[in-house]
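Whenever a hint applies, use it, and build me the whole structure from the sequences.
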Amino acid sequence: MRNTDELLSGLARVRDRELAGRASTAGARTLLASITSAPVSASPGRGEVLAAATGTEGAVIAPARRGQAPALPAATGTETAAAPASRRPWRIRLAAGAAAAGLLTAGVVAGPGLLGGGSAAGYANSAVDIARDGDQYVARIKDPFAEYRMYTEAFRAVGLDIDLRPVPVSPTAVGKILGMVIADHSPPGTGPKVEAGPSGPLVDGVALTMETLPKNCRPGRDAGCVMVLRIPVGFPGDVLVRLGREARPGEEYANFEAATAPGEMLAGVKLRKGRPVDDVLAQVRGRNLTAVFSLVKVDGKTGGLSFEPLPARTVGGDWTVWNAWQVKAGVVRLLVTPERLPENPFFNGSAPPPALS
Numbered sequence: 001m002r003n004t005d006e007l008l009s010g011l012a013r014v015r016d017r018e019l020a021g022r023a024s025t026a027g028a029r030t031l032l033a034s035i036t037s038a039p040v041s042a043s044p045g046r047g048e049v050l051a052a053a054t055g056t057e058g059a060v061i062a063p064a065r066r067g068q069a070p071a072l073p074a075a076t077g078t079e080t081a082a083a084p085a086s087r088r089p090w091r092i093r094l095a096a097g098a099a100a101a102g103l104l105t106a107g108v109v110a111g112p113g114l115l116g117g118g119s120a121a122g123y124a125n126s127a128v129d130i131a132r133d134g135d136q137y138v139a140r141i142k143d144p145f146a147e148y149r150m151y152t153e154a155f156r157a158v159g160l161d162i163d164l165r166p167v168p169v170s171p172t173a174v175g176k177i178l179g180m181v182i183a184d185h186s187p188p189g190t191g192p193k194v195e196a197g198p199s200g201p202l203v204d205g206v207a208l209t210m211e212t213l214p215k216n217c218r219p220g221r222d223a224g225c226v227m228v229l230r231i232p233v234g235f236p237g238d239v240l241v242r243l244g245r246e247a248r249p250g251e252e253y254a255n256f257e258a259a260t261a262p263g264e265m266l267a268g269v270k271l272r273k274g275r276p277v278d279d280v281l282a283q284v285r286g287r288n289l290t291a292v293f294s295l296v297k298v299d300g301k302t303g304g305l306s307f308e309p310l311p312a313r314t315v316g317g318d319w320t321v322w323n324a325w326q327v328k329a330g331v332v333r334l335l336v337t338p339e340r341l342p343e344n345p346f347f348n349g350s351a352p353p354p355a356l357s
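Quick note, the sequence shown lines up with residues 1 to 357 if you use this note's numbering.
Worth flagging that the hints you see were computed from the coordinates, not collected in a lab.
Heads up, none of these hints are tricks.
Simulated pairs of lysine-lysine, DSS-like, Cα-Cα distance not exceeding 27 Å:
| hint | residue 1 | residue 2 |
| --- | --- | --- |
| 1 | Lys297 | Lys273 |
| 2 | Lys301 | Lys273 |
| 3 | Lys270 | Lys297 |
| 4 | Lys328 | Lys273 |
| 5 | Lys328 | Lys270 |
| 6 | Lys328 | Lys297 |
| 7 | Lys215 | Lys142 |
Okay, here's the thing in structure tokens:
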């Protein structure tokens, strides 16, 4: 029967002889630190197998019985069983070998980038799979509501700064992508060329896109729905993707502008031409909602909008409501002026205003 070293050598993607003479990189040092910092536990007994669980760009090892899910230690290390002194060197050696093999199923896919350039060729965990496809990294997000660290460790492993941020929304928007914000942090005059593309921006001719597969499905809600993010390799900026999650009691909605959309609190209420406050309040009360108010101010030179919260007692019934936002469950904000304006400031081609606090 072959010994442990022979069994593991067939699984490892990176062998000792391939690393000879190479300088240490940040990625390699992080991987080594995660391995050597893991507490040493007792050697596995009969009927036990070693399972690898990804940490931050690395792996720690915990024993698990066959047919059962592995008992994974916490990121800080919680194993307390100490190996006999005579077995310690073998145990550490096995952990290092198993860590390299364990990355086949969970964690960094080692490649030239990890060895020499500081980033991996790909990454996979239970929440996201990232693989290089030509000039792009393709991230398939399987569980958009997983722990935040699952995404940060995955994208950082391939050298990208991607923030997938679940935000509180109304019930109809749970699982919907609310938008993507892209920022380039290159020094002036040194960044990539960015231009509009058919499905998203082109960065030096390479597309940066977000979609769902199947199309228009709701990640985290519809079975088999996957978010697919394509990012140019080496993109120097960061990307923020906002995804709707169920709001907790009293939590304000991020999709504030959708109050009159189908399925929302004021669905069907028409405000394009403006309506008297009394008319809209009748709709609010008839739906068992509460209204708060903000005064709309229009800059005479630029047409820009600003807002000032108003006590309800100061708002006249003959004032005009130009728009309505949803604040949180059961509460809407009516945007009003005391006089009637020549046109609705929210429907004259201006960009939508920011959310009110």
